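Put together the whole structure using the sequences plus the hints.
Protein sequence lines correspond, in order, to chains A, B, C and D. All residue numbers for the first sequence refer to my numbering, where the first residue is 137 and numbers rise by one. All residue numbers for the second sequence refer to my numbering, where the first residue is 25 and numbers rise by one. All residue numbers for the third sequence refer to my numbering, where the first residue is 5 and numbers rise by one. All residue numbers for the fourth sequence refer to my numbering, where the first residue is 5 and numbers rise by one.
Since the hints were made in silico from the structure, they are not lab data. Values in this document were obtained by computation on a predicted structure and should not be read as measured data. Ideal Cβ placement from N, Cα and C applies to all residues, glycine included. Warning: the hint list may mix true and false statements.
What the hints assert, rightly or not - One-sided and incomplete, this derived list gives chain B residues near chain C with beta-carbon spacing under 8 Å:
1) 42
2) 66
3) 88
4) 164
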Amino acid sequence: MTDDVILEISDLSKSFGPVRALRGVNFELRRGEIHALAGENGAGKSTLMNIIDGILQPDSGEIRLDGKPVRIASPAAAQTMGIGFVHQEIALCPDVSVAENIFMATTNASRALLMDYHSLTQRAHDVFAKLSDIDPSVLVRDLSISNQQLVEIAKALTLDCRVLILDEPTAALTETEAQVLFGIMRQLADRGISIIYISHRMVEIFDNCDRVSVFRDGRHVTTEIVADITPGDVVNAMVGRDLGDIYPEKQPLSEQSEQEVLRVVDLNETHRFHDVSFCLKQGEILGFAGLIGAGRSEIAKGVCALEGTVTGEVWLNGERLRLRDYQDSINAGMVYLSEDRKGDGVFLDMSIAANIAALKPEQVANRIGLIQADQEETQAAILGRKLNLKCASLGDPVSALSGGNQQKVALAKMLSVNPRLIFLDEPTRGVDVGAKVEIHRILRSLANEGVGIIVISSELPELLGVCDRVLVIHEGRIRGEVSGADMTENKIMHLASGTVPGVAATPHPAV
Amino acid sequence: ETLACEPGEVYIMNVMVSGHPYWIPVYQGFKQAAEAFGCDTIFSGTPDYDITKQIASFEQDLVKSPAGVLLHPMQADPFIEPINRAIENGTEIVTFAADSPNSNRTGYITSDNLAEAKFAAEEFVKALGEDFEFAVLENPGQSNHDLRVTAFLDYMSAHYPDAKLVGRQATNQDSNAAYRATASIVQANPELDAMWIPEAGSAEGAVAAILEAKADVMVMHADVTPTTLEHIKAGNIHAALNPNQGMQGFMGFMATFMAAHSEVFDPFNDYKVSGYNPVQIPFVDNGFSVITKENAESFDLNAYMEGRDPS
Amino acid sequence: MDNTLNMAETKQAEHAAPLFKRLIRMRETGLILIILALFVTMSFASPYFLTWVNVRAMTMAFAVEGIVVVGMTVLLISGGIDLSVGSVTALSMVIAGWLFLNGIDPWVASGLSILACTAIGAFMGFFTTRIGLHHFIVSLAVMVIARGACLLGTGGRPLGLYTLPPEFKFIGQGSIGPIPVVIIIFVVVVIAFDFMLRRTTMFRKVFYTGSNEKAAAYSGIRTKKVVFLTTTLCSALCGVAGIIYMARFGSAQPTFGLGMELNVIAAAVIGGASLNGGSGSIFGAILGAVLLSVVSSSLALLDVSVYWQDIIRGSILLTAVTIDHYLNKKRR
Amino acid sequence: MDNTLNMAETKQAEHAAPLFKRLIRMRETGLILIILALFVTMSFASPYFLTWVNVRAMTMAFAVEGIVVVGMTVLLISGGIDLSVGSVTALSMVIAGWLFLNGIDPWVASGLSILACTAIGAFMGFFTTRIGLHHFIVSLAVMVIARGACLLGTGGRPLGLYTLPPEFKFIGQGSIGPIPVVIIIFVVVVIAFDFMLRRTTMFRKVFYTGSNEKAAAYSGIRTKKVVFLTTTLCSALCGVAGIIYMARFGSAQPTFGLGMELNVIAAAVIGGASLNGGSGSIFGAILGAVLLSVVSSSLALLDVSVYWQDIIRGSILLTAVTIDHYLNKKRR
Ligand SMILES: Nc1ncnc2c1ncn2[C@@H]1O[C@H](COP(=O)(O)OP(=O)(O)OP(=O)(O)O)[C@@H](O)[C@H]1O
Ligand SMILES: Nc1ncnc2c1ncn2[C@@H]1O[C@H](COP(=O)(O)OP(=O)(O)OP(=O)(O)O)[C@@H](O)[C@H]1O
Ligand SMILES: [Mg+2]
Ligand SMILES: [Mg+2]
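Below you can see the structure in the form of structure tokens.
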């Protein structure tokens with residue numbers, strides 16, 4: 137790492153109407169460093185990155201590249217200046233092959249008249265050699281959200297850039313893929329490329345980054361060398377207070393109830409998963425672990441009758457459910473929080489309040505089915521406050537929110553119906569530490585109230601921290617179960633990658 | 025005392041698809057008659073093929089309290105109520121080229137579609153004998169075109185049962201559709217001798233198809249466009265039957281004007297007691313011209329309009 | 005915290021000048037201003053413009069089509085589109101007229117006809133939601149089929165129905181006081197649907213579905229059912245419109261409504277409906293219809309040359325939409 | 005891993021029977037099968053169907069419109085739509101015809117006319133990309149304006165252009181060997197654009213833009229420019245089509261092409277173009293046009309009653325699209 141500054145930002149401000157997203161921000165990026173950005177949801181991180189990439193124009197302030205003031209008018213301009221960007225929200229062309237998506241920018245910049253699909257596919261294979269085993273010739277619309285994220289990353293890695301911005305690239309990745317990414321990042325940095333890395337996972341920042349800048353409420357708070365500080369310091373600077381314990385207390389062994397909230401027997405789906413049986417006791421938080429594409433999401437959706445044709449039995453609070461579709465599941469009190477918030481979690485162009493009411497608009501309506509605007513707002517305000525949602529007005533469209541705040545809206549939507557059982561697929565994806573703690577506390581208290589909680593997460597520490605018991609899924613089957621002292625990253629990883637012969641899963645509950 | 029308009033007495037001619045060139049000579053006749061009586065005229069209607077819009081434009085005409093309206097009602101019955109209301113409020117209504125027979129309109133000016141059809145049939149027989157194959161294009165839904173075709177078919181089957189109808193396609197005045205239909209008909213019937221087409225737009229496409237197939241078909245159609253005129257000159261089209269538009273407009277004005285000045289007329293009937301307008305003209309035939317190679321030169325609308333005001 | 009504070013502020017501001025604020029924030033305000041401007045200009049340009057007869061004629065010109073606009077708007081919001089509205093409206097007239105001429109009571113005939121149109125909508129709904137074809141292509145095919153059925157049922161000639169009983173014709177030709185029944189029906193339908201669309205949970209699901217069908221499905225909404233129902237509703241309203249037209253015209257015209265689809269969709273889009281679904285309002289769509297209709301009517305009233313009318317009409321449309329766009333941009 | 009296995013399998017199979025596999029995987033195969041089935045049925049039904057003269061006539065019936073289909077398909081892929089194609093085609097005839105009648109060399113007149121149409125496209129492109137209005141509404145306004153300009157330029161009367169020099173008429177009426185020039189031009193345009201759209205980097209950007217405008221913009225593609233250009237291209241091709249029509253019919257008809265837009269869009273959609281942009285192919289769109297045209301021609305050839313034709317046509321369209329949909333579903 138050298139000290140010469142490649143990118144310098146001074147006194148940058150940006151407002152969206154009444155919302156002041158950035159207020160006089162200063163920031164500098166040095167050659168060959170990996171510079172982490174931390175800050176609560178809505179602190180202005182993505183906004184700053186969008187400005188650096190020319191997607192947004194600042195209201196005031198200066199950007200200097202190599203010491204020279206520049207105006208970055210568009211992503212195209214940013215590209216010619218050597219700035220590459222992996223967006224927080226996946227932006228891929230669904231109707232186009234993976235290979236073409238990866239080399240879209242290259243195609244755009246090239247002077248070649250004709251496409252060379254063969255070399256494109258070949259080069260895409262090369263890129264993926266390190267990263268994953270996605271077939272470059274499939275259409276992006278057929279990929280799962282995590283694989284799409286990998287494509288986004290692959291896309292950035294092919295850019296010939298000097299500054300690489302990664303905005304929460306690991307939010308949907310598991311440890312394995314994330315580690316590969318960190319390896320590549322380090323190689324790039326060693327070649328003199330500067331990387332801005334945004335993440336809410338402190339571990340990642342402290343394991344992989346050189347410096348960290350903290351933002352709060354649109355202001356730059358501090359920049360430190362990572363080696364000089366502790367995660368606690370960063371969190372403190374971000375939130376303005378000490379969070380204490382990140383994970384709530386687990387369920388004491390003594391209090392374990394025999395009462396079953398959920399029992400799933402022999403759930404099968406021809407292509408996606410097989411012979412899935414498990415149960416969830418009252419007061420317990422259950423986790424699903426597994427690699428990308430293991431089938432965790434599919435199982436949850438199968439239980440809720442959300443997708444696919446599923447055979448098997450589902451019992452909720454001792455009652456056999458016969459669900460025709462997800463509506464029935466909601467009516468029975470069983471809901472599923474989607475992992476793809478932009479694709480199927482929120483209605484981007486509708487108001488926050490309307491989003492939160494979507495599961496059961498009847499709840500905010502009077503007896504003859506008329507929606508009461510004030511009830512709708514009140515419901516949203518209560519849940520919003522509970523989740524520390526940051527917004528200008530509850531009437532704003534969700535698209536005006538920062539990524540993490542959008543996630544909170546999706547979560548609030550689930551909580552709005554007072555469910556009996558919630559599947560949470562990547563519940564804290566993109567959510568800041570402070571809110572994360574809050575969400576974990578909420579989950580625990582819901583569990584204590586008897587609500588069934590099943591968490592699917594790619595972030596192992598989260599699973600370990602929150603869950604009382606974790607099921608490990610591998611290729612559509614439950615490969616094993618860990619709990620108590622057995623619950624270690626190591627054990628789970630082995631089960632998840634199939635390197636350990638499957639231990640007997642939860643014995644079939646006697647029917 | 026001669027009959028003439030009071031100052032500000034205005035007569036309106038209201039049509040549908042007002043951009044269609046058919047109306048131009050009609051309106052010229054209307055205007056010429058109006059000038060002779062010192063009357064003002066307005067050309068009005070809707071540019072669209074839309075009954076609701078035509079009714080709206082008709083009702084808006086009435087806001088101007090005209091003495092009379094010469095109306096081409098797009099459909100008969102929808103205009104009954106508006107026409108009757110107009111007459112009640114003192115505006116006389118005469119229809120032309122299409123009628124609203126159940127309304128109280130005082131007159132109806134039209135060319136005789138039956139006569140046109142009969143003429144065409146006889147013309148074919150004269151050239152081809154009584155035993156030939158023929159086809160028609162048509163435009164279902166448009167009453168005068170419909171009549172031209174059905175009358176022709178009725179006449180043929182009644183008088184010349186040996187002639188054979190081998191093709192009957194709807195092309196709705198679209199030359200490309202007419203091209204396609206005619207091409208197929210000519211394919212399916214290599215012996216085809218004659219075609220009768222109720223309007224000129226389809227005729228353009230039909231002739232193109234016949235020329236391309238190098239078929240020997242005798243074509244006749246109603247109305248005329250510059251292109252079909254050229255085809256007539258070149259001998260590709262045998263003849264066109266064109267309603268006498270000038271007479272239609274001229275007589276149309278006369279009928280409307282007389283209806284508005286009915287006080288000069290005191291006929292031997294019950295009109296005074298029953299309270300209807302005495303100038304009742306059930307039907308005026310404005311006649312039609314047969315356009316052939318010989319007289320085609322005189323039917324160039326652009327030449328006719330040279331130096332005339334279209335509005 | 006920031007958000008609580010901000011929220012409180014907004015609340016307060018709303019209370020300070022609630023009506024004015026709400027008006028400014030309304031999507032439709034721009035259109036209203038444009039239409040007002042048009043009215044003011046026109047009443048200077050022509051002394052006849054603001055007469056009752058003219059206003060009545062202008063309203064009658066779009067009132068029945070307005071009912072179709074309502075159906076189309078709901079369908080557009082749910083993410084669909086329907087090109088068959090013109091022919092289905094015509095078919096509604098033809099079926100009812102044909103039944104009437106065959107001795108069936110006109111009210112019963114009308115009911116059956118509306119039912120038939122509803123069935124056509126259900127048919128389209130089936131193809132779009134169950135088979136998964138695009139609305140555009142399904143409704144295009146149905147547009148052609150329904151027009152063919154009109155021709156078949158009438159032999160291409162309008163059915164004269166002046167023998168309809170006067171109490172039936174009253175729907176289309178009568179007035180209550182000075183106000184035509186047609187306009188009353190139109191206003192009732194518009195207000196009812198505008199209210200329902202804004203307020204009922206049922207119609208809220210239409211917005212969710214159109215905004216993001218997948219997210220709606222993930223919210224437990226039976227999106228296929230929603231789209232099926234909006235498709236059916238649109239055709240049913242075409243059926244209703246056809247009956248009113250029949251009563252108004254005293255005839256059933258097989259060629260009625262050619263090109264109506266573009267007009268109706270344009271009205272909804274001018275009024276803020278998105279062709280991608282998820283947004284739109286009945287009130288806005290009706291304002292769109294008003295704008296289109298008033299422009300046409302004004303040109304007719306001013307005796308503008310036919311050869312200029314289309315050019316002016318198109319230009320006004322483009323200008324109005326542009327102004328509306330800018331007004332909305334500012335307001336945001 | 006599961007998917008690696010699958011990939012390997014696919015790879016292997018590809019090598020085994022590459023052409024066959026590729027054919028099966030092609031989006032257009034379903035349509036080709038349907039059209040083939042239609043051809044086989046028709047050649048049993050009518051001995052005239054498979055004659056050269058009939059095939060030639062059927063091809064002539066859609067060849068010129070096919071050029072417009074090409075432009076529309078590219079525009080649809082980029083995420084736009086154009087309702088003005090019919091009137092712009094007519095306007096092209098009118099401008100060129102008017103200039104010719106005013107003494108300008110027909111080739112120069114045609115060039116100027118195509119230029120004017122291109123300018124109209126640029127005008128629409130400006131409103132859609134710079135001002136941000138929806139293609140639907142802008143092109144609707146332009147459709148009305150262009151139709152008005154046709155009326156204004158001709159006084160509503162078709163321009164007789166019989167005096168066009170024979171070497172100019174050759175474009176529309178001549179043949180090279182047994183093959184009409186019109187068909188040659190059509191085939192060249194189709195092959196050229198199909199190739200460019202599949203292979204050139206320039207046209208790939210059209211796909212990227214239509215598939216996800218944001219993603220394309222993030223990759224540095226000037227998406228507004230792309231959409232501007234596709235909008236312009238579509239109108240320019242309408243200009244070309246108008247000139248060919250003029251040469252073919254020897255006249256300029258101000259009312260030409262009414263309703264053409266639906267036909268053209270339908271062809272593209274049947275051929276796999278998405279109304280949401282991002283997918284489609286020229287080849288498929290032309291197959292769509294072939295399907296529509298062959299059905300019409302066949303009904304005429306079989307002398308099916310006018311009153312049944314629309315019903316049959318619509319039903320065949322719906323059936324074909326449904327079959328195509330299922331064939332594609334299977335293939336995936
Ligand atoms: N298009 C927009 N319109 C209005 N407000 C916006 C818009 N985009 C962002 N904001 C606001 O700007 C602020 C900063 O958002 P930004 O996306 O930069 O946050 P962030 O730090 O990236 O948060 P996260 O960690 O949740 O991604 C937020 O309050 C957000 O609501
Ligand atoms: N729509 C789909 N069509 C075909 N296969 C699918 C579809 N959705 C998912 N799959 C496949 O189903 C398997 C399970 O996917 P799922 O999303 O449940 O995995 P997961 O364990 O949740 O992992 P992640 O979400 O992290 O990718 C994967 O192989 C995936 O490719
Ligand atoms: Mg962000
Ligand atoms: Mg998942």
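A quick look at each hint next to the structure:
no. : hint : verdict
1   : 42   : holds, 4 Å
2   : 66   : holds, 6 Å
3   : 88   : holds, 6 Å
4   : 164  : holds, 3 Å
Violation of the numbered hints given earlier is absent; every hint is satisfied by the structure.
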